[in-house]
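Asks: One line per chain: the protein sequences are B and U, in this order.
All residue numbers for the first sequence refer to this note's numbering, where the first residue is 1 and numbers rise by one.
All residue numbers for the second sequence refer to this note's numbering, where the first residue is 274 and numbers rise by one.
These aren't lab readings, by the way, just hints derived from the structure by calculation.
Small disclaimer: the values here were computed from a predicted structure and weren't measured.
Treat the hints with caution; some may be incorrect.
As the list claims (entries may be wrong) - Dumping the calculated DSSO-like pairs for lysine-lysine here, alpha-carbon to alpha-carbon at most 30 Å:
1) B:K39 to B:K249
2) U:K292 to B:K21
3) U:K323 to B:K175
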Amino acid sequence: MEKEHSMEQKSSKVIVVTSGKGGVGKTTTTANVGTGLAKLGKKVCLIDTDIGLRNLDVVMGLENRIVYNLVDVVEGNCRVKQALIRDKRHPGLYLMPSAQTRDKSAVSPGQMVKVIEHLKEQFDYILLDCPAGIEQGFQNAIAGADRALVVTTPEVSAIRDADRIIGLLEANGFKQMNLIINRLRMDMVRRGDMMSAQDVVDILAIPLIGIIPDDESVVVATNQGEPLVGSSSPAGQAYANVVHRVEGKEVPYLNFDKGISFWTRVTGIFHRA
Amino acid sequence: MRHFFRRKSSCQIAKDRLKILLISDRVNCSPEVMELIKTDIAKVLSKYMKIDSENMDIQINTKGNKSGRGGKMPSLYANIPIVDVTAKDLAK
């Protein structure tokens with residue numbers, strides 16, 4: 001117990017969710033991990049750092065409540081508190097939206113650090129949704145963070161970009177980096193047509209924190225603007241496990257083979273070399 | 274059993290491609306630079322022995338060297354055929 005407690009105190013609380021490549025699930029991961037932490041009773045602030053192409057508000061279902069945004073805070077048009085949208089469904093969950101009509105140069109890494117320092121005192125966790133790419137938007141997003149979740153899918157292009165991002169994070173002094181493998185399809189892995197989670201971990205060589213199966217419910221959840229973490233769907237369970245691991249708990253990985261049909265099982269035997 | 278019916282799996286192809294791709298990404302070494310390194314090595318070695326510079330092969334890979342992230346520190350391997358070791362006697 002003693003040991004666990006000291007681990008918890010050490011755990012960093014400003015986490016950037018990044019990937020390099022676009023469309024691999026950064027925003028979905030930020031929304032789900034953030035919502036999951038709030039469900040555990042933590043006070044969580046999500047910051048969308050993708051200036052010009054904001055999305056986190058839509059995934060969270062909070063797009064109609066935006067008054068002020070990150071750029072307004074940085075430029076002094078409003079107080080930090082005024083830009084925070086409280087998610088009424090989950091006590092303790094807040095979103096700072098990004099600006100839609102500005103570009104990345106509206107905010108500097110130094111300004112981001114200032115905003116985060118201000119928020120740090122009030123929240124248990126601050127999650128930063130990083131834009132795709134490695135330019136200023138990326139630099140802004142990582143400036144105030146001390147821990148990173150690197151999201152990738154089991155595809156050559158996404159893994160290549162993730163490797164680049166990991167190199168850049170290392171160069172920026174990040175010590176705690178964890179890998180989330182998104183959209184894994186066990187049926188394809190079994191056929192030998194998709195890299196397994198182990199293959200990806202072997203290549204990228206940073207500690208794994210989550211495997212999210214390819215799941216239609218993610219699309220449904222995004223349609224509805226309600227993160228699916230904690231639901232009975234495979235992705236909902238997988239995200240709930242990620243949340244516990246972020247909290248420092250050890251959770252066994254899910255077995256995604258459960259849902260497969262009898263026929264797949266039978267043919268699966270022959271496909272295994 | 275699969276091996277009788279199918280060729281290399283696309284998963285294996287992806288892994289093989291990534292292995293090569295990431296090595297060149299990580300060392301940030303373009304093919305042009307590799308060519309320059311190759312000619313320079315050939316030039317230096319030619320002072321001491323006769324080498325087959327046409328068939329020499331140099332590459333950067335991750336074999337054996339266990340440092341850096343996950344033991345993936347790249348290292349330079351060179352395979353240089355020697356035509357005649359005694360061809361150039363330095364004493365002369």
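Asks: Against this structure, judge whether each hint is valid.
Replies: Okay, the hints, checked on the actual structure:
no., hint, in the structure
1, B:K39 to B:K249, "holds (16 Å)"
2, U:K292 to B:K21, "holds (18 Å)"
3, U:K323 to B:K175, "violated (49 Å)"
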